[in-house]
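Student: Next come the chains, spelled out residue by residue.
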Amino acid sequence: MAIPISMPKLGMTMEEGTLLHWEVEVGARVEKGETLYVIESEKTEAEIEATAAGYLRHVYVEPGDVVPCGTLLAAIADAPDADFDPEAFRHEHDRATTAPEPSAPAPAPAPAPATDTRTEAGRRPVAPAARKLARELEVDLERIPGSGPGGRVTREDVRTYADLRASLVEVGGGVGLEVPRLGAGDPVLLLPGFGTDVSSFAAQTPALAEHHLVLGVNPQGVGLSDDPELDTHPVSRAAADAAAVIDGPIHVVGASLGAAAAIELALEQPERVRSLTLITPFVRADARLQAVTEAWARIAAECSPETLARALLPWLFSRDWLADDTARERGVRGLAASVARVRATALGRIAAGLRAWSGTRVDDLARIDIPTLVVVAGADLLTPNGAAVATAIPRAECLEVRQAGHAVAVEAAEVVTDRLLSHLAAH
Amino acid sequence: MQLSREQLLDAYARMRTIRAFEEKLEELVKGGKLGGFLHLYAGEEAVAVGVCSHLGDADIVTSTHRGHGHCIAKGVDVKGMMAELFGRATGVCKGKGGSMHIADVDRGMLGANGIVGAGIPLTTGAALTAKLKKTENVAVCFFGDGATNQGQFHESLNMAANWQLPAVYVVENNGFGEFTPTEYVVPVKDIAERARSYAMRSDIADGMDFFDVYQRAGEAIERARHGEGPTLLECKTYRFMGHFVGDPLVYRPKEEAEDWIQNRDPLLNFESKVSEAGMLEESDLREIDGAVSRLLEEAIAEAETAPLPELASILTDVYAE
Amino acid sequence: MSRKLSTGRAINEALAIAMESDPDVILLGEDVVGGGTLEADGVDEMGGVVGTTKGLVKRFGRDRVLDTPISEMGLLGTAVGAAATGLRPVAELMFMDFLGVCLDPLLNQAAKLRYMFGGKVRIPLTVRTLCGAGMQAAAQHSQSLYWITAGIPGLKTVIPSNPADAKGLLLAAIRDDNPVVFCEPKLILNQVGEVPEGDYEVPIGVAHLARQGGDVSLVGFGGTVPIALRAADLLAAEGIQADVLDLRSLAPLDEEAILTTLEKTGSLVVVDEATPRCGIASDVAALCVDRGFDSLNTPVRRVTAPHAPVPFSAVLEQAYLPSAERVVETVRALG
Numbered sequence: 000m001a002i003p004i005s006m007p008k009l010g011m012t013m014e015e016g017t018l019l020h021w022e023v024e025v026g027a028r029v030e031k032g033e034t035l036y037v038i039e040s041e042k043t044e045a046e047i048e049a050t051a052a053g054y055l056r057h058v059y060v061e062p063g064d065v066v067p068c069g070t071l072l073a074a075i076a077d078a079p080d081a082d083f084d085p086e087a088f089r090h091e092h093d094r095a096t097t098a099p100e101p102s103a104p105a106p107a108p109a110p111a112p113a114t115d116t117r118t119e120a121g122r123r124p125v126a127p128a129a130r131k132l133a134r135e136l137e138v139d140l141e142r143i144p145g146s147g148p149g150g151r152v153t154r155e156d157v158r159t160y161a162d163l164r165a166s167l168v169e170v171g172g173g174v175g176l177e178v179p180r181l182g183a184g185d186p187v188l189l190l191p192g193f194g195t196d197v198s199s200f201a202a203q204t205p206a207l208a209e210h211h212l213v214l215g216v217n218p219q220g221v222g223l224s225d226d227p228e229l230d231t232h233p234v235s236r237a238a239a240d241a242a243a244v245i246d247g248p249i250h251v252v253g254a255s256l257g258a259a260a261a262i263e264l265a266l267e268q269p270e271r272v273r274s275l276t277l278i279t280p281f282v283r284a285d286a287r288l289q290a291v292t293e294a295w296a297r298i299a300a301e302c303s304p305e306t307l308a309r310a311l312l313p314w315l316f317s318r319d320w321l322a323d324d325t326a327r328e329r330g331v332r333g334l335a336a337s338v339a340r341v342r343a344t345a346l347g348r349i350a351a352g353l354r355a356w357s358g359t360r361v362d363d364l365a366r367i368d369i370p371t372l373v374v375v376a377g378a379d380l381l382t383p384n385g386a387a388v389a390t391a392i393p394r395a396e397c398l399e400v401r402q403a404g405h406a407v408a409v410e411a412a413e414v415v416t417d418r419l420l421s422h423l424a425a426h
Numbered sequence: 000m001q002l003s004r005e006q007l008l009d010a011y012a013r014m015r016t017i018r019a020f021e022e023k024l025e026e027l028v029k030g031g032k033l034g035g036f037l038h039l040y041a042g043e044e045a046v047a048v049g050v051c052s053h054l055g056d057a058d059i060v061t062s063t064h065r066g067h068g069h070c071i072a073k074g075v076d077v078k079g080m081m082a083e084l085f086g087r088a089t090g091v092c093k094g095k096g097g098s099m100h101i102a103d104v105d106r107g108m109l110g111a112n113g114i115v116g117a118g119i120p121l122t123t124g125a126a127l128t129a130k131l132k133k134t135e136n137v138a139v140c141f142f143g144d145g146a147t148n149q150g151q152f153h154e155s156l157n158m159a160a161n162w163q164l165p166a167v168y169v170v171e172n173n174g175f176g177e178f179t180p181t182e183y184v185v186p187v188k189d190i191a192e193r194a195r196s197y198a199m200r201s202d203i204a205d206g207m208d209f210f211d212v213y214q215r216a217g218e219a220i221e222r223a224r225h226g227e228g229p230t231l232l233e234c235k236t237y238r239f240m241g242h243f244v245g246d247p248l249v250y251r252p253k254e255e256a257e258d259w260i261q262n263r264d265p266l267l268n269f270e271s272k273v274s275e276a277g278m279l280e281e282s283d284l285r286e287i288d289g290a291v292s293r294l295l296e297e298a299i300a301e302a303e304t305a306p307l308p309e310l311a312s313i314l315t316d317v318y319a320e
Numbered sequence: 000m001s002r003k004l005s006t007g008r009a010i011n012e013a014l015a016i017a018m019e020s021d022p023d024v025i026l027l028g029e030d031v032v033g034g035g036t037l038e039a040d041g042v043d044e045m046g047g048v049v050g051t052t053k054g055l056v057k058r059f060g061r062d063r064v065l066d067t068p069i070s071e072m073g074l075l076g077t078a079v080g081a082a083a084t085g086l087r088p089v090a091e092l093m094f095m096d097f098l099g100v101c102l103d104p105l106l107n108q109a110a111k112l113r114y115m116f117g118g119k120v121r122i123p124l125t126v127r128t129l130c131g132a133g134m135q136a137a138a139q140h141s142q143s144l145y146w147i148t149a150g151i152p153g154l155k156t157v158i159p160s161n162p163a164d165a166k167g168l169l170l171a172a173i174r175d176d177n178p179v180v181f182c183e184p185k186l187i188l189n190q191v192g193e194v195p196e197g198d199y200e201v202p203i204g205v206a207h208l209a210r211q212g213g214d215v216s217l218v219g220f221g222g223t224v225p226i227a228l229r230a231a232d233l234l235a236a237e238g239i240q241a242d243v244l245d246l247r248s249l250a251p252l253d254e255e256a257i258l259t260t261l262e263k264t265g266s267l268v269v270v271d272e273a274t275p276r277c278g279i280a281s282d283v284a285a286l287c288v289d290r291g292f293d294s295l296n297t298p299v300r301r302v303t304a305p306h307a308p309v310p311f312s313a314v315l316e317q318a319y320l321p322s323a324e325r326v327v328e329t330v331r332a333l334g
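Chains as they are written, first to last, in numbering that gives the first Met the number 0: chain A, 0 to 426; chain B, 0 to 320; chain C, 0 to 334.
Derived from the structure by calculation, the hints contain no laboratory data. Every residue gets a Cβ at the ideal spot worked out from N, C-alpha and C, and that includes glycine. Just so you know, not all the hints are guaranteed correct.
[To be verified] Heads up, incomplete: computed chain C residues facing chain A, CB under 7 angstroms, no partners named:
id, residue
1, Gly265
2, Phe292
3, Asp293
4, Ser294
5, Leu295
6, Asn296
7, Gly334
Model the full assembly from the supplied sequences, consistent with the hints where possible.
Tutor: Next up, the structure:
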């Protein structure tokens, strides 16, 4: 009786890992709890212990191989030369999960291996009916996760995926963004900050929607939006994507990194922007902001969204707010839900984009000839120099909320909402 | 039974047609002009004609893979037969049957058959129809000595005897079943003896003598027609050619064959008998020979240029509409 | 008007109607009368090995209901000859297993005479035969050999799944001018169902959708239709709705009906009590892959007997036959 050793899933968003090396040689004895092998995932190394005592009977994956979670790595048997059929064992125990799935709505859970389907390694089975439907609906079969036996892509999978794509807004280059919308009237774009989705504007949205068509733009890598896995996420591209969501003049509201995108948009397509609102903006990411975004990316890769949210709370909110237990717990839940919708694999690249943009637009702010509202927070640990942005932009007004932290739109929701509404109404 | 002049001329003409037809075919096959398996009847003409002289279109006949003689004797169109052998659309079976399956139900010819013994139950069935419908028709089966070893021979004769069917089972005993002499595989001296197992009447005729066949077949057919039950009629005969065209005939002594061909030829036999009795003139017979020869030339010429079947006919007549 | 009859009684009724309406229809086979000397007192006819033809000799006489010797080849060959010359015979092959001793009259004579003779002859022959397992009749009396006759050009092969269809299909078979093999599955012999009175025919070559559902297609025929319907009920309890298609005719095959249900559900399972090689189930599966490829959402599965002779012991025979449970398992495993 051999025991399967599979690539573990360390954290909700881990999808694959690299086997760095085996600590034990094939045929050698290992005790329960001893380090059996070392993996790397999201730039973190982890030593993995043997879950049972025995002899390393067979190894399926070599150092350097990158495999999905659940992939069978090895087998431990009770004798170094025990009877063992590697293929049959693999057939029985390999549970490699397929391509990353969007977090909501979730397709069926990890499929059981098929008994009869024969496919070459790496090729997923696709039902003929699914192929035909994919052709008819013009969706890319490669991107569709399969829920059938052995990871087979079924007709239903294609339909689900097509419905999903139909709900996305195409912003060019085959990229679709998830853009929840509410209300009617002149359009207002909401651009969220690093590592969060548009739910961070939840406090503002209802009021805005009474007078405007509110379009929450989840950028690449966030929510259901595509994540083409390019090397970086330049802020300029986030800006261009946002501008492509709708035609005509737009009000643009951005928070934190979203404000950076808003600044880019205002500089690149000024004729389109009716008004600009920058909530806790920055033009230069200081050391603390950079450190926090890096840590954010790592924690997202290794820990649950709730843990991430708890770790971020002190950086985003004021001491007074943190003292309120009820508000804090509510805040954890809301923030956890938001950060869960951002792909951990995208965060590193988004952070890189942030770093690359930092400092490039300092002198250009003076060129912005658009009515601008800048909201700064007195207890903002991450972007404390927001007031300087207000000074640099000619037609800017500044609202300072002295008591609030970086997440001022949440912490001082009413104040921000009222001022925002007036600003939009005036322009 | 006395035959009229017309009947005698007709009998000779049919026998001559059979002989000439088979000889022509042998030439054509050896000359590479015909394909498929051909089994030729030369030497046995008196049997086919002697029996079929008593039959009309409504009487049914089945035959074997060696069926050209029975077809011609039963009145199937010679030109249609030739066209069939050439695989033409104008063939009597539209080119779909070939040598072993030539048939024309309009003439009561329910086909040559490629399966040894298969015609025997078919004839039994035709006789059953005649009896149940009270038509006074008769069903006659031609088959060889080899077929009498088939289970279906015994089953059919058994049933025909039980039900007293209007059938005549004509076994053409030519001494060989394919390449095996009959005495190796049939334990009884005369196959006619086998009828005793079924309490069936039997008779033995000299198959090389038209008149003997005619006489005995006539009696059997009359009995059948009048509800007196079936008969097994054994005709002792000899096939002059091989089992099939191209048969090297190594299994049979050349002298034996020569003896039959020279001395027991049914056509020569007929001619000498009718001449002696003054029933026909030699000139009558030579005239018929000439007419037959011309008929065959025409048949071949027409067959060679007749249209081939359309490819779509592969799928026709699989089922009746 | 209809009343409940067993399959056997329904067949008997069809034979009586056919013989009444056409004097050329005769019945022949081993023990189709089965009564020895009917004239003696205290002696009655058996009417066939399972009593299907009882009563017919009294109505139509010994000229039209004929007991033959145990001569399958002779009797079938005779039936072919009779059919070719003006009668419309119904020959009984007591057990389909006996096809081994009489294949030639069907294969080389009945199926081919019309074709070989350039269309000049008709063979309006019907061959009735008991097929299939379920009565512990063991290996030589339990086979389902319809795959042999269904594959022979020139023959038609039909198989009812219930008493009403048995009557209508047999009447259609008798009146068809082609040789038709009419299979009588043991599994449905004692089944009782509503059978309309009077003369009616079920068309040959037309399948029947016995149940409608959009999730999976169960294709069956003969004794496997009740099995498929039971399976469909079990599946419905799990929220899976099945189409059940009763083929009724194996040759000609209603290909359009099969492709239509496949297109609807994308998932097709064939249930056949014959052995798995070269059979109807494989034929249907090939059709799906050949002409219904783009409709396939799951593999085509075949639920058949195993590749073995039919065993005698009841527990073995029951496991040998397809069951509703096996069909349900197969559908579940489609994923």
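Student: Quick one: which hint numbers does this structure break? Sort them smallest to largest.
Tutor: none
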